[in-house]
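K.L.:
Read off the chains here:
Number of protein chains: 2
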Amino acid sequence: MARIVMKFGGTSVGDIERIKRAAARVKTEVEAGNEVAVVVSAMSGETNRLVDLTRNTAAMHDTREYDVVVATGEQVTIGLMSMALQDIGVNARSWMGWQLPVRTTDVHGSARILGIETDELIRRFGEGQVAVVAGFQGLAANGRVTTLGRGGSDTSAVALAAALKADRCNIYTDVDGVYTTDPRIVPRARKLDRITYEEMLELASLGAKVLQTRSVELAMNHGVRVHVRSSFVEDEGTLVVDEEEIVEQQMVNGVTYAPNEAKVTLRNVPDRPGVSAGIFGPLADANINVDMIVQNVSEDGSTTDLTFTVPRENLDRAKKVLDSVRETIAWSEMTADPGVVKVSIVGVGMRSHVGVAKTMFQALAEKGINIQVITTSEIKVSVLIADEYTELAVRALHTAFGLDAD
Amino acid sequence: MARIVMKFGGTSVGDIERIKRAAARVKTEVEAGNEVAVVVSAMSGETNRLVDLTRNTAAMHDTREYDVVVATGEQVTIGLMSMALQDIGVNARSWMGWQLPVRTTDVHGSARILGIETDELIRRFGEGQVAVVAGFQGLAANGRVTTLGRGGSDTSAVALAAALKADRCNIYTDVDGVYTTDPRIVPRARKLDRITYEEMLELASLGAKVLQTRSVELAMNHGVRVHVRSSFVEDEGTLVVDEEEIVEQQMVNGVTYAPNEAKVTLRNVPDRPGVSAGIFGPLADANINVDMIVQNVSEDGSTTDLTFTVPRENLDRAKKVLDSVRETIAWSEMTADPGVVKVSIVGVGMRSHVGVAKTMFQALAEKGINIQVITTSEIKVSVLIADEYTELAVRALHTAFGLDAD
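Chains as they are written, first to last, in this note's numbering: chain D, -6 to 399; chain S, -6 to 399.
The set of hints was computed from the structure by calculation and includes no laboratory data. The beta-carbon is built from N, C-alpha and C at its ideal position, and this holds for glycine as well. Be aware that one or more of the hints could be misleading.
Here are the computed distance ranges between Cβ atoms for each label pair [unchecked claim]:
{"id": "1", "chain 1": "S", "residue 1": "ASP112", "chain 2": "D", "residue 2": "THR56", "range": "24 to 32 Å"}
{"id": "2", "chain 1": "D", "residue 1": "ARG344", "chain 2": "S", "residue 2": "ASP45", "range": "41 to 49 Å"}
{"id": "3", "chain 1": "D", "residue 1": "THR56", "chain 2": "S", "residue 2": "GLY38", "range": "53 to 61 Å"}
{"id": "4", "chain 1": "D", "residue 1": "ALA(-5)", "chain 2": "S", "residue 2": "LYS158", "range": "54 to 62 Å"}
{"id": "5", "chain 1": "S", "residue 1": "ASP99", "chain 2": "D", "residue 2": "GLY136", "range": "37 to 45 Å"}
{"id": "6", "chain 1": "S", "residue 1": "GLY26", "chain 2": "D", "residue 2": "LYS312", "range": "25 to 33 Å"}
{"id": "7", "chain 1": "D", "residue 1": "THR56", "chain 2": "S", "residue 2": "ASP45", "range": "53 to 61 Å"}
{"id": "8", "chain 1": "S", "residue 1": "ALA350", "chain 2": "D", "residue 2": "GLY136", "range": "56 to 64 Å"}
{"id": "9", "chain 1": "S", "residue 1": "ASN282", "chain 2": "D", "residue 2": "GLY38", "range": "22 to 30 Å"}
{"id": "10", "chain 1": "D", "residue 1": "PRO331", "chain 2": "S", "residue 2": "ASP99", "range": "55 to 63 Å"}
{"id": "11", "chain 1": "S", "residue 1": "GLU10", "chain 2": "D", "residue 2": "GLY136", "range": "40 to 48 Å"}
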C-alpha cells in the first residue's frame, strides 16, 4: 500500500469523457490498495475564458476579484471528478482550497503555498475515501481566495504530496514523459526514465512545458518523488528524483532551446560603479526579465560594452526604458537583434566531467554556427546563436552528447 | 440615507455590457448616499451549462458535488460585478456564501437559509464599501457549499435585506413590474404600483415568474419592502408591501392562469375513511404535486367521485401510480383530460367584498365557458376550464373586475 497524489492537467480533464478516463485510472490505484488524493486543473480552455471575462470587464482590475473569478475553473472540475468517481463506485469527495485549507500568501494571482492542513484527508483515507482537491487555489490569512498563477496546479499537487508525506506524486499530462530534447526537432529524442530535480529545474526554467518551475523547486526541497506520465497511454513516464537515485549518470541529459529571445547591446557604457544598477533596475521595474548578461571592457578601459537578452515581446518596451535612462547612463550606441535563440545543454554529470563546454563549442563550430553569448551554471551551458540555426544546433548537440536513440 | 439591497437576475447580468449597466445603477444609489448590498445571479445560460455538465458526468449524482459545480456561476458574477464597480470608482468587494457566511440547512440543491452574518458588511458600509454577494448559495453546518434551488437568488436578496434590516430590496428583472395579468394575452393589462405580500404569494405560486415563492414568504415574515423593477428602464416598478400600506384596495388585483394542467377523475370510489390517504399518499410519494381536489357524493351515498389536477407532464406517471393502488381502492373508472387550464383571480380586497365569485362565474358564463372544478382560498378563486378558452376567460375576467387600463 502506498499513499499517492495523482494530478490531472487541463487537457487530461478537457471534457467529460476525459474526466471519466482519469477517474478510471484513479480507481485502478484505489483497487490496488493505495490511499489517493487527486489534484485537478480547470478543464482546458476554461481558465482562458474566465481570464477574458475579467479583462473585458476592466482592463486594470483588482487581483482579489480576478482570483474569485478564475478559481471557479478548478471548482467545476473537482465536482465533476468526484461525481465521475462515485459513479464507478469509488468513495470520493471534493475539496476547494479554502476548505482544507491550502494556506497561501496574499499575493493574489501568484500566491505561494504556506502550508496545507491534511489531518481530515488522512482520517478519511482511513475510511477509504479519495480526496479530490482543486489545484491552483488557496486561502489567504484574510479569508480571501487566492490563485497560484499559471501552471499552479503542479505546485498544488507537489505541495499536497509533501504535506501528506506521499510516496509519489504522479503528474498526468499530454506528453508521456521528459525527453532528451524536443521530439518535433529531433525524431531520435529519447524519453528519460529518470531525471534529477536540478536538471528538471533547469529544463523547466528554460521553457520546457512539462512541469512548472516552482513545483520542481518544491519537490526538490521536500524530496517528493514526481512521476511525469501520459494521461492517455499506460506507459511508464519519467521519474524526477534525487541525484542519489540515479545510478549511471550521463554527462548531458537534455538539449533545450528558448526561442523568442532578443539581444540588446549598449556600446561604450561608462565603466563606473552603479551603472549596472542604473540599467537593470529600471528594466526590472518595468517587469522585463533580463536573462544572459555579458560585459566586455573596451579598448581604452574607461568604457565597456554590455550585451544582454530580453524576451522578444518586451524588446520595444525595453528600448524605451533604456532610452529614458540615457541621460544618466551615457552609452554611445544601442543595437538590438530580435533574431536570436538560446540553446542549452543540461546535466548534473557536468559536475564530474571536464570538457563538456569544449564538446559543445566544437559541435557548433563544425556546423559553422557562430556563438554570440555564453553563460554557464553548475549543470548547464547556454549559448546565444542566430535563430535560423536552431534546429541544426539542437540536432548537432543531441548527437555530440550521445543522446540519439538507437 | 437608506440601506438597500439591489438584486440583479441572470438576464440583468447576462453579458459584460449588462453587468456594467447594472454597476452604473448601483453607483447612482451609492452617490445618493445609500448603503448598498448587491446580490447577483449567474450570467444567463450559465447555470444551465453547469447543470448539463453534472448530468452528463453522472445521471444520478451526489447533490453535494452538484452544489460545488453550480455555485461557481454566481461566484463568477460577483467577481466581475466588483471589478465593474471599482472600474467606475465605487469601492466594492465580493462575498461568496461561505465567506459571510450565509448559513443554510444541508439539503443540497434546495437548501433553506437559516441566517446571515452581517456585522462585517455593516462595518464596511461605514467605510463606504458596497458588498457584492453571491445569490443562490450558502454554507451548511458541515462546511460544505449549498445551493438554494432555482430562483434562489431572490430568496438570498430578501434574506440579506431582512438580516441587514434594509429599508428596501430592489429586484431588477427583465419585466418592469407586476401586472394585473399577462400582457401578452391582455394588451390592456396594467402595471400595479403596489401589491400585498399575500397577493404576490398567490401569484408566484400560480406560476407568475416575477418572484420566487419562498422569497415572497420571507419578505412577508420579515416585513421586507420588495421593489420589483426593470433592469433596462428607469421607471418605477411594483412595490410589494404590507396590506396596511395600500390605501385604496381593489377587489381583485390580478388574473392569472396556470397552463399545462391535467384533470383526473376516479368514479365510484368507496366512501370510507382512509381512501383519500390511499390515493394521494402514493401520488405524493411519487413526487406528483396534486392541486385542485373536489369530491362529490354519488347517488347511492356509498361511493363518491373524486376529481383532481396534476401537472400535465406527470399525467402518465400519475395514471400508473393510480393503477397500482386499484386493488386496494376499488374505483369503477378512471378518466383523464390533459386539456385543461386553471384560471384564478387574486385580491386581498375579496375579504371585505361579497359577490366576487358570483361576478367571476357570471363573466365566464356570458362567454359560454363551462367551469369544471372550483377551489377558493381567502384571497383567491380558481376555476378549471378547457384550455382552448384560456385567453377568452382571462380577458373576460380582466374586464369584469375593472382592471383594464384606460
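K.L.:
Of all the hints given earlier, name the ones this structure violates by number, lowest first.
P.N.:
Of the numbered hints given earlier, those the structure breaks are 2, 3, 5, 6, 7, 9 and 11, listed in rising order.
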